[in-house]
Amino acid sequence: MSQDDDYDGDYDSPYGERQTRTRLPESSRGSGRSPSARAVAPGRGVAAVVGIVVLLIAAIAFVNRGGDSGSSSEGGSGGSSQKGGTSPTAPSGERPVQGANSGIPAGFAKTEEGAQSAAANYAVALGGTEMFDAEGRATVAEAVYTPDALAKRKDALDKVYSDEAFLKRIGLTASGQAPRGMTFVSRTNPVGTRTEDFGGNRATVSVWYSSLFGLAGEGATNPVSESWYTSTFELQWVNGDWKVSDFTQKDGPTPVGRDQRASSAEEMADAVEGFGGLTYAR
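So in the working numbering, the last one in the sequence shown is 307, and the numbering has no gaps at all.
The set of hints was computed from the structure by calculation and includes no laboratory data.
One thing to keep in mind: the hints can contain errors.
Claimed, not checked - In silico lysine to any residue, SDA-like type, Cα no more than 25 Å apart, as pairs:
| id | residue 1 | residue 2 |
| --- | --- | --- |
| 1 | Lys275 | Gly196 |
| 2 | Lys179 | Ala131 |
| 3 | Lys275 | Met156 |
| 4 | Lys275 | Asp295 |
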């Protein structure tokens, strides 16, 4: 399938609005789940799950304090048509990405739409399981951050994600792996993007997304749960592509949850293995 095929088929909603497109996955990643994984033991307190989420937010905040945030004023306001607006994220019709860098989408257009595509895909990369592996973390950081931001944050990233006490609290081994018989889930699912500021070689883009995080397996102390966040990315145009110079995260907006039965550990692990991630495009 060509890239043109991947992005054909834009459509109008019943309300006459153009909708956000996603690119179908090229491959699925295995999770290393043991066949012996079973349902999560019942009776685990909600407080434990909340504690895990708070811990992750604290870790991200710690990393973001690693250097200067970079002033978005240098890029100018650019008169963004979507700033503060309520219009939906509509597909632009442009080819959103030209290739990949170590499996992470790269080659975004130097446009407002290109910046939004970059921010959505970088949110996915920074929220993935690779961040808990030393080699994977280095690959993601080099692909996502500007050289200056990487130099300032590399040590902080390694310190946070390799801290044994931190890893133990979220149920992982000292090397950042899931215990035998369990599946580690860390997946970011963007819902929409919004340009806050755009001009020249700089852009500020917010990404609203849900996050699945936890362990699927018998006896897991932090079963997979869903949370909602908005991350705002400061982007710079560096060496022909958009890169992250800084980002912040806040809770929500969070929808009202439906009264649905929680899936078993087996069902959750099967879903993670069977449904690959997406490349997000504007």
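Does Gly196 lie within 25 Å of Lys275 when you go C-alpha to C-alpha? The given pair, whose Cα atoms are some 24 Å apart, holds under the 25 Å limit.
Keeping to a limit of 25 Å between CA atoms, is the pair of Lys275 and Asp295 held or broken? Given that 25 Å is the threshold and the Cα spacing comes to 30 Å, the pair is violated.
Taking 25 Å as the top limit, are the C-alpha atoms of Lys275 and Met156 close enough? Roughly 20 Å separates the two Cα atoms, so the pair holds.
Decide if the proposed pair is consistent with the structure: Lys179 and Ala131, CA atoms, cutoff 25 Å inclusive. At roughly 20 Å apart (the allowed maximum being 25 Å), Ala131 and Lys179 satisfy the hint.
Hint compliance for this structure: hint 4 alone is broken.
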